[in-house]
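Colleague: Protein chains in written order, with the numbering used here: chain V, 1 to 191; chain X, 1001 to 1191; chain D, 2001 to 2191; chain U, 3001 to 3191; chain H, 4001 to 4191; chain G, 5001 to 5191.
If you are wondering where the hints come from, they were derived from the structure by calculation, not from laboratory data. Careful, some of the hints might be misleading.
Said to hold, decoys possible - From the structure, some residues in chain U lie toward chain D, with a derived Cβ separation under 8 Å:
(1) Gly3011
(2) His3052
(3) Arg3114
(4) Pro3136
(5) Asp3141
The C-beta atom is built at its ideal place from N, Cα and C for all residues, glycine as well.
Number of protein chains: 6
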Amino acid sequence: MPQPDHISKLGVPDPAALDEDLQAIWRKCVEKLGFVPNVYSAYSLKPQRLRHFVAMYNEIMLSGSGLSKLEREMVAVVVSSANRCYYCLVAHGAAVRMLSGDPELGEMMALNYRVAKLDARQRTILDFASKMTETPWLVEDADRDALRAVGLSENDIFDLGETVAFFNLSNRMASATDMMPNREYHRAARG
Amino acid sequence: MPQPDHISKLGVPDPAALDEDLQAIWRKCVEKLGFVPNVYSAYSLKPQRLRHFVAMYNEIMLSGSGLSKLEREMVAVVVSSANRCYYCLVAHGAAVRMLSGDPELGEMMALNYRVAKLDARQRTILDFASKMTETPWLVEDADRDALRAVGLSENDIFDLGETVAFFNLSNRMASATDMMPNREYHRAARG
Amino acid sequence: MPQPDHISKLGVPDPAALDEDLQAIWRKCVEKLGFVPNVYSAYSLKPQRLRHFVAMYNEIMLSGSGLSKLEREMVAVVVSSANRCYYCLVAHGAAVRMLSGDPELGEMMALNYRVAKLDARQRTILDFASKMTETPWLVEDADRDALRAVGLSENDIFDLGETVAFFNLSNRMASATDMMPNREYHRAARG
Amino acid sequence: MPQPDHISKLGVPDPAALDEDLQAIWRKCVEKLGFVPNVYSAYSLKPQRLRHFVAMYNEIMLSGSGLSKLEREMVAVVVSSANRCYYCLVAHGAAVRMLSGDPELGEMMALNYRVAKLDARQRTILDFASKMTETPWLVEDADRDALRAVGLSENDIFDLGETVAFFNLSNRMASATDMMPNREYHRAARG
Amino acid sequence: MPQPDHISKLGVPDPAALDEDLQAIWRKCVEKLGFVPNVYSAYSLKPQRLRHFVAMYNEIMLSGSGLSKLEREMVAVVVSSANRCYYCLVAHGAAVRMLSGDPELGEMMALNYRVAKLDARQRTILDFASKMTETPWLVEDADRDALRAVGLSENDIFDLGETVAFFNLSNRMASATDMMPNREYHRAARG
Amino acid sequence: MPQPDHISKLGVPDPAALDEDLQAIWRKCVEKLGFVPNVYSAYSLKPQRLRHFVAMYNEIMLSGSGLSKLEREMVAVVVSSANRCYYCLVAHGAAVRMLSGDPELGEMMALNYRVAKLDARQRTILDFASKMTETPWLVEDADRDALRAVGLSENDIFDLGETVAFFNLSNRMASATDMMPNREYHRAARG
Chain V
1 MPQPDHISKL GVPDPAALDE DLQAIWRKCV EKLGFVPNVY SAYSLKPQRL RHFVAMYNEI
61 MLSGSGLSKL EREMVAVVVS SANRCYYCLV AHGAAVRMLS GDPELGEMMA LNYRVAKLDA
121 RQRTILDFAS KMTETPWLVE DADRDALRAV GLSENDIFDL GETVAFFNLS NRMASATDMM
181 PNREYHRAAR G
Chain X
1001 MPQPDHISKL GVPDPAALDE DLQAIWRKCV EKLGFVPNVY SAYSLKPQRL RHFVAMYNEI
1061 MLSGSGLSKL EREMVAVVVS SANRCYYCLV AHGAAVRMLS GDPELGEMMA LNYRVAKLDA
1121 RQRTILDFAS KMTETPWLVE DADRDALRAV GLSENDIFDL GETVAFFNLS NRMASATDMM
1181 PNREYHRAAR G
Chain D
2001 MPQPDHISKL GVPDPAALDE DLQAIWRKCV EKLGFVPNVY SAYSLKPQRL RHFVAMYNEI
2061 MLSGSGLSKL EREMVAVVVS SANRCYYCLV AHGAAVRMLS GDPELGEMMA LNYRVAKLDA
2121 RQRTILDFAS KMTETPWLVE DADRDALRAV GLSENDIFDL GETVAFFNLS NRMASATDMM
2181 PNREYHRAAR G
Chain U
3001 MPQPDHISKL GVPDPAALDE DLQAIWRKCV EKLGFVPNVY SAYSLKPQRL RHFVAMYNEI
3061 MLSGSGLSKL EREMVAVVVS SANRCYYCLV AHGAAVRMLS GDPELGEMMA LNYRVAKLDA
3121 RQRTILDFAS KMTETPWLVE DADRDALRAV GLSENDIFDL GETVAFFNLS NRMASATDMM
3181 PNREYHRAAR G
Chain H
4001 MPQPDHISKL GVPDPAALDE DLQAIWRKCV EKLGFVPNVY SAYSLKPQRL RHFVAMYNEI
4061 MLSGSGLSKL EREMVAVVVS SANRCYYCLV AHGAAVRMLS GDPELGEMMA LNYRVAKLDA
4121 RQRTILDFAS KMTETPWLVE DADRDALRAV GLSENDIFDL GETVAFFNLS NRMASATDMM
4181 PNREYHRAAR G
Chain G
5001 MPQPDHISKL GVPDPAALDE DLQAIWRKCV EKLGFVPNVY SAYSLKPQRL RHFVAMYNEI
5061 MLSGSGLSKL EREMVAVVVS SANRCYYCLV AHGAAVRMLS GDPELGEMMA LNYRVAKLDA
5121 RQRTILDFAS KMTETPWLVE DADRDALRAV GLSENDIFDL GETVAFFNLS NRMASATDMM
5181 PNREYHRAAR G
């Protein structure tokens, strides 16, 4: 049962043929992570779209925010769990393990976040992420008020909303292309 | 029963205080459409995020693609219908009416696309959009093959997937902020 | 993409061959509305059934009740939205626009009533309509008590219940026959 | 655990105070069935509405049709099972037992019609009833064609559609009022 | 419409060929009930598995517990109703009728337990059974606390949990084999 | 964010106070696995029930069958994924990794089995497990025929059905008790 070695069912262009700015990203990834995340390779089928995706991703996940990087990764995994997105669960599950130093926490986020021992702020954030993902039409003032009650500012709610929204996008790109994650994620930070 | 005059429940900054590049976008919108779309105003709470959103939006909806602009707008409305997103249904429903010259088609996309008289290509595209939105974990090779059978190339499937993915993002930003559409959309292209 | 010109996929008899009492209804409709609603034409396949349908409809929607005509039309649209019934959303969406003088309110009822600025009475009525439509087996005393708390009498609750019930019937007749609404509704009361 | 002795949570008027035409119906029921069905008592809160309900009911369930009375009762029970309507399952489950002389068939319709040994015509009819009840927005030409393929005429499809539609109405009146069935139904035709 | 006379779609071995310990169970059933429950016959395809099933069943349903036998049978029926399991609804519906002496109560459990007149303890137990069956991933401390508040001990909660769990097993064995109940259950305790 | 150190929210008795036969099982587990699985500890609240659970478990998962041990573990994980059962996903996910020597396969079973590269037999088995878990009332002859077509005998179908059924039981015991898995599973067989 050797697992799939495709990256995307829509095909992946030769990285050597990519524009120089993208090749620079590729080199930086290899340097920093040891590999190029498959989402970049899959997206490189349309280089301009990759540029926008990377720019948006970096802003949402890495720029300053009232939400910690770990909180953003937990949100990523909870959204991806609702959408049962294999790629994002593997890649961002690894990120939760790494940032938290708690391998079980990563598993809990991926499998059923309700079993984790979370404080009120974390739980409220993840309940919001879950509701926004599964029944966005039911989100109302009371949901935003619950976030304010655990200390989120209006900007924090914006950031949370956009993080949830972004993974609803990327989960679907993974399903459209049957995107497979790099194997390195599986072993990372198992503790 | 005067309807809500808020744009976003997270507040909207004074446009006069925005950076010059954004003010230029505002001016261009007013010139071209007669108004600034509320999604820009709502997103201007975080200017850098607005820039990425606009760049990605323009690329997906306006750049060259094997999918026509009307097809992309039909996809936008079908996704937004599954998510019951008021903002996007109003704004992109108007776009379908305008681009098709068929006011009923816009209503059908918003209310139940299955009642429209569509050709096989359109129907297959919209069925894919619906499935990717509601049960992305069930998308498989057979779904991509159905698209190929009605003439979509690998690049077209990528573009379709990203259009669906993008509106799953924007629908959720609208729900996170309770975003209200500009009133001008309601009357546009009613025929 | 010329939209369907059928009225019902089960066929429509020649109106000139209908019994005189039905022809009188046809004439009255043309006089009052400018056209015969397609639901009458579709139902005329079985004239006696049309008579019962019209009698029940008129009693529920037009007779005296503690629920205003606008409230009843709002209920009609919210039920039809849950059932994604194209015919009823188009025809009764127009009625909400006309009776309220608020074109946006009609759209909100059709697309997601939770985004509308409603008072407690209206919201409670529509939440009841939504629950009765989607999960009637979960309706309990607490739901009726919530209606009483916003001022509905036992008779008003009966009327509300029957309005919800009736549109659950008519939505399904529309789906059984693929009933198409008259085009006049689309433009009506767009403001 | 004595079970509820209410008929409707909205109250039931004194039958002696009803108009003479309704009292005549009451007498006829007692003569024919031994009791007045509780749905009549519950509906008598609004006498004019009762008249329309009875007229429509009699036409749909008792008038001539290409669907047999047993088929119509089977449809009634399958719709009521999808909606988990206690009143209609008890009353029309009894009718299936009586008309078929097969007590198990009544139970199967109420609990899960897919376990019954049905011929292709019956199964197709009940699948249509189930789909029209649970996801009316997905009904399409193929569903009507399947009915035609097992011998239903256009008029038969109309009758089937209206039977399904009617029980979607009456199931919801039962849930709106918490209507309780007459105890006589429980023992009837147990074989 | 003669109903199915199969017991299991996977076949049933000749009882005369069963091991002596199983034949003893067969004889005891006939003596006590007048027949061998079809679940035993269906399970006898794999005798060792039958032994484990019977041992577990007897312990859960018949041994001492803070939950009465009637309560355990009500739970069995409510679980089977959520799973629409024909076999278990017929067999355990009969048990509720027998143990309660209330034929309507059995019907209510099978069709929609929310319409029954239950005390707080019973209602809380059945709500827990329903939630554990339909959305086990949402069960949390608050659900266990609600059981404690109506008097259940930790051991009682264990017993309740295992009863719910067991019928989620047996419902699925019935669906895997299309298991048909003995006809005797239908008439039992109709009152 | 130290994760929960409880084993069961209903408490766990002192193992030293258990009967000798259970203490023997405890010793055997420590010897073989290095630890006592928490499901045993949680179940020891009611020792007789533990005995039945262990006997049934061993028969289903370890005795001879036309289904391989790996196939049974894959089924365990797919069922547990549908029920989002943290305990079983962690414990049996480890078993899939161990038995297959393919760490990714374990992840795929837990997160979305449809992304795995499976042969027709495996895929058909897992589709059956998924359907039996989520909509057991829809399982019909065609589903059993699909299993026969990929080579399963009647006995194999029985074994498959009981494996699916058993994990629908154990998933629910885990949710009833908020059972936490032993930490050893997380690191096992990560490759």
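Colleague: Answer holds if the nearest beta-carbon of chain D is closer than 8 Å to that of His3052 (chain U); otherwise answer violated.
Modeller: holds, 4 Å
Colleague: Min Cβ distance, Pro3136 (chain U) to chain D: is it shorter than 8 Å?
Modeller: Interface hint status for Pro3136 (chain U): holds (4 Å vs cutoff 8 Å).
Colleague: Verify the interface restraint on Arg3114 (chain U): the C-beta must sit less than 8 Å from at least one C-beta of chain D.
Modeller: violated, 19 Å
Colleague: Taking the least C-beta to C-beta distance, is Gly3011 (chain U) closer than 8 Å to chain D?
Modeller: Holds. Min distance 6 Å.
Colleague: Should the interface hint for Asp3141 (chain U) be scored as holding, given a Cβ-Cβ cut-off of 8 Å against chain D?
Modeller: holds, 7 Å
In summary, the one numbered hint that this structure violates is 3.
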